[in-house]
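Since chain V is already given, all that's left is putting chains W and H on it; use the hints.
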Amino acid sequence: MKIFVLNNMVPFMHGGAENLANYLVSHISQLGHQVRLLRIPFCYEPAARISGEMLACRMMEIEEADLVIGLKFPAYLVPHPNKVLWLVHQYRQAYDMWDSGHTNIPDTLQGHALRSSIFEADRECFENVNDIFAISPVTQDRLKRYNGVDSKLLRTPLNGPEDFEPGDYGDYIFCGGRINAIKRQHLLIEAMRYTRSDTKLVIAGPADSPADAERLHRLVERFNLQSRVTLEIGFLPRQRIVELTTNSLAAAYLPIDEESLGYVSMEANQAARAVLTVDDSGGILDLVSDDHTGWVRRPEPKEIADAIDRAFANKNRTIDMGRHARQEWIKKEITWERTVERLVA
Amino acid sequence: MKIAWYSPFSQRSAIAAFSVEVVEALQSFGHDVTIVRSEMGDSSWAATCRPASCEIVDAEDIDNHLNQFLSRFDSVIYNVGNHIENHYYCLKHQARFPGVTLLHDFILHHLLHEWAILVEKKPYLDLFRLEASSEALKAYAEASEDLGRLWFMSEATKHPVLRFALADTLGVVTHAKFYAAPCEAKLHCPVTTIPLAYPCEFEKQLPPPQQEGAKSRVITIGDVNVNKRCESVIRALGNSACNSEKWQYRVIGNIGDSYRKYLMELANNAPHKVDLELLGKVDEATLQDELKHANAISCLRYPVVEGASASIILSLASARPTLVSRGGCYDDNPDSLVHRIGHEREVEDLEEAFINLEQDYHSAVQQGVKARHWASNRHSGEQYARKLLLFLGMVAGPSPILRLADSVGKHLTCWNCSSDLPLIDEIEGEIVSLFGDP
Amino acid sequence: MNVLIVRTVAKIGVASCVDSVHKALAEQLKQAGHQVDTALLPFVHDSRNLVEQILAFRLLNLSDYADRMIGLDFPAGFVKHPCKFLIVSSEFEKRLSIEIGRSVSSLHPVAARVRHAERVALKECKSVLCEQADAYEGLAQSYPAIQSSLLRLDYERLIAMLAESTEKNVELLPA
Numbered sequence: 001m002k003i004f005v006l007n008n009m010v011p012f013m014h015g016g017a018e019n020l021a022n023y024l025v026s027h028i029s030q031l032g033h034q035v036r037l038l039r040i041p042f043c044y045e046p047a048a049r050i051s052g053e054m055l056a057c058r059m060m061e062i063e064e065a066d067l068v069i070g071l072k073f074p075a076y077l078v079p080h081p082n083k084v085l086w087l088v089h090q091y092r093q094a095y096d097m098w099d100s101g102h103t104n105i106p107d108t109l110q111g112h113a114l115r116s117s118i119f120e121a122d123r124e125c126f127e128n129v130n131d132i133f134a135i136s137p138v139t140q141d142r143l144k145r146y147n148g149v150d151s152k153l154l155r156t157p158l159n160g161p162e163d164f165e166p167g168d169y170g171d172y173i174f175c176g177g178r179i180n181a182i183k184r185q186h187l188l189i190e191a192m193r194y195t196r197s198d199t200k201l202v203i204a205g206p207a208d209s210p211a212d213a214e215r216l217h218r219l220v221e222r223f224n225l226q227s228r229v230t231l232e233i234g235f236l237p238r239q240r241i242v243e244l245t246t247n248s249l250a251a252a253y254l255p256i257d258e259e260s261l262g263y264v265s266m267e268a269n270q271a272a273r274a275v276l277t278v279d280d281s282g283g284i285l286d287l288v289s290d291d292h293t294g295w296v297r298r299p300e301p302k303e304i305a306d307a308i309d310r311a312f313a314n315k316n317r318t319i320d321m322g323r324h325a326r327q328e329w330i331k332k333e334i335t336w337e338r339t340v341e342r343l344v345a
Numbered sequence: 001m002k003i004a005w006y007s008p009f010s011q012r013s014a015i016a017a018f019s020v021e022v023v024e025a026l027q028s029f030g031h032d033v034t035i036v037r038s039e040m041g042d043s044s045w046a047a048t049c050r051p052a053s054c055e056i057v058d059a060e061d062i063d064n065h066l067n068q069f070l071s072r073f074d075s076v077i078y079n080v081g082n083h084i085e086n087h088y089y090c091l092k093h094q095a096r097f098p099g100v101t102l103l104h105d106f107i108l109h110h111l112l113h114e115w116a117i118l119v120e121k122k123p124y125l126d127l128f129r130l131e132a133s134s135e136a137l138k139a140y141a142e143a144s145e146d147l148g149r150l151w152f153m154s155e156a157t158k159h160p161v162l163r164f165a166l167a168d169t170l171g172v173v174t175h176a177k178f179y180a181a182p183c184e185a186k187l188h189c190p191v192t193t194i195p196l197a198y199p200c201e202f203e204k205q206l207p208p209p210q211q212e213g214a215k216s217r218v219i220t221i222g223d224v225n226v227n228k229r230c231e232s233v234i235r236a237l238g239n240s241a242c243n244s245e246k247w248q249y250r251v252i253g254n255i256g257d258s259y260r261k262y263l264m265e266l267a268n269n270a271p272h273k274v275d276l277e278l279l280g281k282v283d284e285a286t287l288q289d290e291l292k293h294a295n296a297i298s299c300l301r302y303p304v305v306e307g308a309s310a311s312i313i314l315s316l317a318s319a320r321p322t323l324v325s326r327g328g329c330y331d332d333n334p335d336s337l338v339h340r341i342g343h344e345r346e347v348e349d350l351e352e353a354f355i356n357l358e359q360d361y362h363s364a365v366q367q368g369v370k371a372r373h374w375a376s377n378r379h380s381g382e383q384y385a386r387k388l389l390l391f392l393g394m395v396a397g398p399s400p401i402l403r404l405a406d407s408v409g410k411h412l413t414c415w416n417c418s419s420d421l422p423l424i425d426e427i428e429g430e431i432v433s434l435f436g437d438p
Numbered sequence: 001m002n003v004l005i006v007r008t009v010a011k012i013g014v015a016s017c018v019d020s021v022h023k024a025l026a027e028q029l030k031q032a033g034h035q036v037d038t039a040l041l042p043f044v045h046d047s048r049n050l051v052e053q054i055l056a057f058r059l060l061n062l063s064d065y066a067d068r069m070i071g072l073d074f075p076a077g078f079v080k081h082p083c084k085f086l087i088v089s090s091e092f093e094k095r096l097s098i099e100i101g102r103s104v105s106s107l108h109p110v111a112a113r114v115r116h117a118e119r120v121a122l123k124e125c126k127s128v129l130c131e132q133a134d135a136y137e138g139l140a141q142s143y144p145a146i147q148s149s150l151l152r153l154d155y156e157r158l159i160a161m162l163a164e165s166t167e168k169n170v171e172l173l174p175a
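Chains as they are written, first to last, in my numbering: chain V, 1 to 345; chain W, 1 to 438; chain H, 1 to 175.
Just chain V, with the same shape it has in the complex (with noise of 0.2 Å):
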């Protein structure tokens, strides 16, 4: 089968759907297809330039393929007679972060209009689509309830499983992924002031901000923490990441009400460790079971300390939640090989 892959690209800006858009290239080459990635740029600022890259996707043609498959808005609009969406992201400035006022598009007859604009577009393209696939609950109710549209569930999977097989449990829990506030690494921090003597913490992952990384090494000196709490700021090899994986306690990730299940967490369950979350977080709430396989806790730093001395409290207790996670992953499927066969059925 001939293939293209159509995704956004911000110039110079690499997150976690180019990695995805790569991984998914990969795997459907290494199922014999013959496949192209298109990245389209899409620099949506400012807002009133986007009616106009809306209609260059919208006048693209792509040739002799046999399936298309679109991850990201306005990329998925190229046409194609054939096409299916694997949604990474809709506009979400036009949808839910207007509603919460996260958004680029002014609240103006203008703005009203271009957001009446991509609500249509989407329309159009959804109405002729041969299927749509979300990449977490949290995309499909929003699908749903903004586009009125159905969807299936197709997680993304995770990228090299084979490096992080279960190593030997050391003595900290790991908290990886990009540094920012959403991220809540600094809630951590906060309750590793309230933990009892024998806990560490390792933070590590590339800051968005220069203020972000300030913020963690400040909360770190204010709680004079330098014996407990590493920081390792900055870009990291994936070897690192793994080693820091797999030789940890437990892991942690706190983001705000995020849609996917999380690589930090689908990683660490993998490497049979158990995630320690709180309520807000979204998605990986599908992947954490309290008491079964991690902690599910409240925002709040003393209820976070209280689910980090547990970890260290009870170690044997501990890695039995991280085997538990692990098998309950792998039954999952969440895996290249099935996400492909979907995608291209």
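These aren't lab readings, by the way, just hints derived from the structure by calculation.
We put the CB at the ideal spot given by N, CA and C, even for glycine.
Do not rely on the hints blindly, as some may be mistaken.
[Unchecked claim] Derived lysine to aspartate or glutamate pairs resembling DMTMM-like cross-links, with alpha carbons at most 20 Å apart:
| hint | chain 1 | residue 1 | chain 2 | residue 2 |
| --- | --- | --- | --- | --- |
| 1 | W | Lys410 | V | Glu127 |
| 2 | H | Lys80 | V | Glu61 |
| 3 | H | Lys123 | W | Glu430 |
| 4 | W | Lys186 | H | Glu137 |
| 5 | V | Lys2 | H | Glu137 |
[Said to hold, decoys possible] Covered stretches of chain W, as calculated for chain H (at least 3 residues, CB under 8 Å):
| hint | region |
| --- | --- |
| 6 | 130-139 |
| 7 | 401-414 |
Quick look at chains W and H alone, frame taken from chain V:
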């Protein structure tokens, strides 16, 4: 349709005669034509003017408000030939306001040469190398000692230059098939071939020729130079007693003294003396009289560089047996209607042709009458106008730009975009600047 | 410096000389210490929707998102950027406007429009660089007014040009 028709329009210009034929036909179909005279204002070619049944304006007079003037027309036609004084404003205005080109000459080296000197103030070679192949540049270098003859008369004909004059054309009409493909290849625009229209009312009325006196007459019409192959005709007639006895050769057209002397010596010193008359430039009545009494007409050329030949149209319309070269525009004439002369065996073929004509002149005249019928239809202003209108329709519409605007409009409407969306103005501007005016 | 390479992908599974140019160019740019990213756009060589696709490329909004843009061949050259360079890597005969003539008909009215658009896009470039002599000659023949130069895989020179480029656009010869 409102058509602006750029053309030279002097009494001397053959392209002006062609223009009269086609413009009248266009008018008869209900179209509104304005003739825009393309000659340089100070050229002697602009001194006279043909009568016309439509408005005539001088391109020079609209030069300062060209867009304003031309935007009221549906189509602009540019007649382009290999002569700057006649076609200066075709080139100048076509670059600013693209239209359809009627290309009268395949070889435009003289035009380029004059354009380089007069307009660009640069050596010919500087412009030539911009679109010349390495092969052409090599040929030019090798001919540099004899540019006038070796290059312009021979080598340049193998290396057409078109882009300098036609880069902005919307489409090209050729008058013979042989240069349609090179035009397409070099200009990447729509190209079609329409046989040249040319007035031949007098010729069409002539009675079929008869063998009147002791000798039959073969004539050549037009400025006399090596290209017209008069030498070969003289040699063919002088090679045999029968041909020299039975044919007189009459050459009608301007001739230089030295070339006159050379041809006379050639005729007198031939194995069998040739009865040669070099009439020089003659008036219209004399020309008509010569045609009337001609038994055959030689329309030979080498090399064949014209886009079309008015001479052959006149000859065929006159029902006189016509001797025609191979190659170029001459190949568009069916073998069954002409007497074909190859270049390789030019003298021998001519000898044979003269003998055959003498032996069965009756059949040759019958063939000539058929050729008259064929040429009268093929080269009429009416057929040219019909085909040109079809071509204009194809070039001008369905306009890809209007379809693009429709497509954009369809998408934006589907998305509930209102007509005051700033993007619409932006797209309109982008379309015009990118693709030209719709 | 942030350098954005823009190229198109037409058919899957058909190797293109643009692939090798792209790879080598990106590598050398990185070695020279530049950030490199690539936009990969779809394109279909079909006269029925050529002008739509070309307009689509014009509507992309990249002006503020890269210090320099390098288009690899037409139709990538249609994308707008205030500091655009164009590499003509393929044989000239394979270029866009000529393919129209081959794939449908050169009589198609679209052909003249595309040539117009190409001329506009060429004029926008800071520099037009041809990989090979045939492309160079072809470009000079089709667009005599556009000044281009031969690149011959000399990406160091191109990188130096990127650094030195000013507001001046591609040099125009008298047409």
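Going through the hints against the structure:
At most 20 Å may separate the alpha-carbon atoms for a hinted pair to count; W/Lys410 and V/Glu127 meet this at roughly 17 Å. Distance hint between H/Lys80 and V/Glu61 is fulfilled; the C-alpha atoms sit about 19 Å from each other, no more than 20 Å. Taking the CA atoms of H/Lys123 and W/Glu430, the gap is about 15 Å. The hint holds against a cut of 20 Å. Restraint check: the Cα-Cα separation between W/Lys186 and H/Glu137 comes to about 12 Å, which is no more than 20 Å; the hinted pair holds.
Taken as a hint, the V/Lys2 and H/Glu137 pair is broken in the structure, with Cα atoms around 36 Å apart against an allowance of 20 Å. Closer than 8 Å: that is the beta-carbon criterion, and the region 130-139 of chain W has 4 residues meeting it against chain H, so the requirement of 3 holds. Counting residues of the region 401-414 of chain W whose C-beta sits closer than 8 Å to any C-beta of chain H gives 5, which meets the bar of three, so the coverage hint holds.
Going through the hint list in order, the structure does not satisfy hint 5, though it satisfies all others.
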